[in-house]
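Asks: Each chain is listed here by its residues.
Number of protein chains: 2
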Amino acid sequence: MRNAFHEQLDLIAAELTAMAQMVQTAVQQATTALLNADRALAEQVISADPQIDQLQRLVEEQTFDQLARQQPVASDLRILVATLRIVTELERMGDLAEHVAKVARMRYPDIAVPVDLRPTFAEMGELARRMVGMVRDNFVGRDVTAAEQLMEMDDKMDELRSSIFRVMLADEWTDGVEAAVDVALLGRYYERIADHSVSTARRVIYLVTGSYPEDDDDSRY
Amino acid sequence: MRNAFHEQLDLIAAELTAMAQMVQTAVQQATTALLNADRALAEQVISADPQIDQLQRLVEEQTFDQLARQQPVASDLRILVATLRIVTELERMGDLAEHVAKVARMRYPDIAVPVDLRPTFAEMGELARRMVGMVRDNFVGRDVTAAEQLMEMDDKMDELRSSIFRVMLADEWTDGVEAAVDVALLGRYYERIADHSVSTARRVIYLVTGSYPEDDDDSRY
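From first to last, the protein sequence lines stand for chains A and B. Letter by letter, the first sequence follows residues 2 to 222 in the numbering used here. Letter by letter, the second sequence follows residues 2 to 222 in the numbering used here.
Please keep in mind that the hints were generated in silico from the structure rather than gathered at the bench. Please note that a few of the clues may not be correct.
Copies of one chain are not kept apart here, so a pair can be met inside one copy or by any two copies together.
To be verified - In silico SDA-like pairs for lysine to any residue, Cα to Cα no more than 20 Å straight-line: (1) Lys103 <-> Leu170; (2) Lys103 <-> Arg167; (3) Lys103 <-> Glu160; (4) Lys103 <-> Glu44; (5) Lys103 <-> Ser163; (6) Lys103 <-> Ala38; (7) Lys103 <-> Leu186; (8) Lys103 <-> Arg193; (9) Lys103 <-> Asp156; (10) Lys103 <-> Asp159; (11) Lys103 <-> Ser164; (12) Lys103 <-> Gln29; (13) Lys103 <-> Arg70; (14) Lys157 <-> Gln29; (15) Lys103 <-> Arg119; (16) Lys157 <-> Ala69; (17) Lys103 <-> Glu173; (18) Lys157 <-> Phe65; (19) Lys103 <-> Ile47.
Chain A extracted, bound-state conformation (with noise of 0.2 Å):
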């Protein structure tokens, strides 16, 4: 019987491997998207959401009924309630996905990031792309100095961010309202991205120190 349950508990860790996965895969190509102006990849990133939402209803299925029939206690209790967590947070990650692929879509044939920012975003996509495989990767080695690195590239993330905003609220500032509406959305959506996964990574922590790490959530906005 436990060996029958720790077979589901690998089940459900590599099912949520496979979310992380997805959702890595369509950070990727909503920023390729965005900076690209490429419709056909930002359709795909949109229609492939469906899919990342099926596989959270899946695991929370599975780790309810887990709860439910095997009664687990002590650190496979921590393992399954992390579980709801996270998968939570991988599904939110993809929806932000999508509304990158979203604003891609829409300004097609435009690109909605005037050039002068294309390279803020490149990075921003990119950092964004990195995180959630150290989420994936994370879910398997329980790496506490993994979730520190995410705290620090969630800081970098937030600097990249303001300095969008410090362009946009210059005075030279000649693309626009939509253009800048635009960007202040698409630094939220990368921002959120980053702080799912150091939420993510929060909980990786708690699953095994016990004990939560602090916050620091300064942002301006």
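Starting from the known structure of chain A, arrange chain B on it as the hints suggest.
Replies: Coordinates of chain B only, in the frame set by chain A:
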């Protein structure tokens, strides 16, 4: 033993209700602070947020404790698992109210929202406040119709947000890029408060019926 357990469930429910009340106050005060450039009130919302976060930790710990000690089944298990999710949603709603208050504080003594859009934001703020109130009452009643009503209110919120975009992207916008950025993000914060309300309500429906109502997120952004 069962009685002590159900007393604990009642305590957790009361704490959730208190937390929802604090979030509702935060949403109302943040809107007032925003539309009146009331810096003291904005500070109050910002400094109250850690109390919401503390309550989240407390409820999470108590819920986890009950899961570990009582190994509940069926509807008790469902309630505890839903609690873990709801408490996360409420915490986020509190953060979003804090974000609104931070914009109010950042633009003080100016009012961040241009005069023409203030009635729309007043309406969004009031809608968000009512939605949080329904979430709070919904824990107690577990009322499926309330959850459906929340979904209709969410559609109304999306309409209000769309109307803001129409105003901002019209040629007559003379309020500049900074105001547009503020308004775009503020609109997003209120929309997310509404989304979290619906998400919480969907959890409650799941709690009552054992199956999820369908989602219909077809926002442009």
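Asks: Would you mind marking each hint as holding or not holding in the structure?
Replies: A quick look at each hint next to the structure:
1. Lys103 <-> Leu170: Between copies only: 17 Å across chains, 25 Å inside a chain, cut-off 20 Å.
2. Lys103 <-> Arg167: Intra 25 Å, inter 17 Å, cutoff 20 Å: inter-copy only.
3. Lys103 <-> Glu160: between (25 Å within a copy, 18 Å between copies)
4. Lys103 <-> Glu44: within (8 Å within a copy, 35 Å between copies)
5. Lys103 <-> Ser163: Between copies only: 15 Å across chains, 23 Å inside a chain, cut-off 20 Å.
6. Lys103 <-> Ala38: Within one copy, since 11 Å is at most 20 Å while 34 Å is not.
7. Lys103 <-> Leu186: both (12 Å within a copy, 17 Å between copies)
8. Lys103 <-> Arg193: both (16 Å within a copy, 17 Å between copies)
9. Lys103 <-> Asp156: between (26 Å within a copy, 19 Å between copies)
10. Lys103 <-> Asp159: between (23 Å within a copy, 16 Å between copies)
11. Lys103 <-> Ser164: between (23 Å within a copy, 18 Å between copies)
12. Lys103 <-> Gln29: within (14 Å within a copy, 31 Å between copies)
13. Lys103 <-> Arg70: This pair counts as neither: shortest intra-copy Cα distance 41 Å, inter-copy 46 Å.
14. Lys157 <-> Gln29: Classified as within; 18 Å inside a copy, 33 Å across copies.
15. Lys103 <-> Arg119: within (17 Å within a copy, 28 Å between copies)
16. Lys157 <-> Ala69: The answer is neither: 41 Å in one copy and 38 Å across copies each exceed 20 Å.
17. Lys103 <-> Glu173: The answer is neither: 28 Å in one copy and 26 Å across copies each exceed 20 Å.
18. Lys157 <-> Phe65: Answer is neither; intra-copy 36 Å and inter-copy 33 Å both fail.
19. Lys103 <-> Ile47: Classified as within: same-chain Cα gap 7 Å, cross-chain 32 Å, threshold 20 Å.
The structure shown violates the earlier hints numbered 13, 16, 17 and 18.
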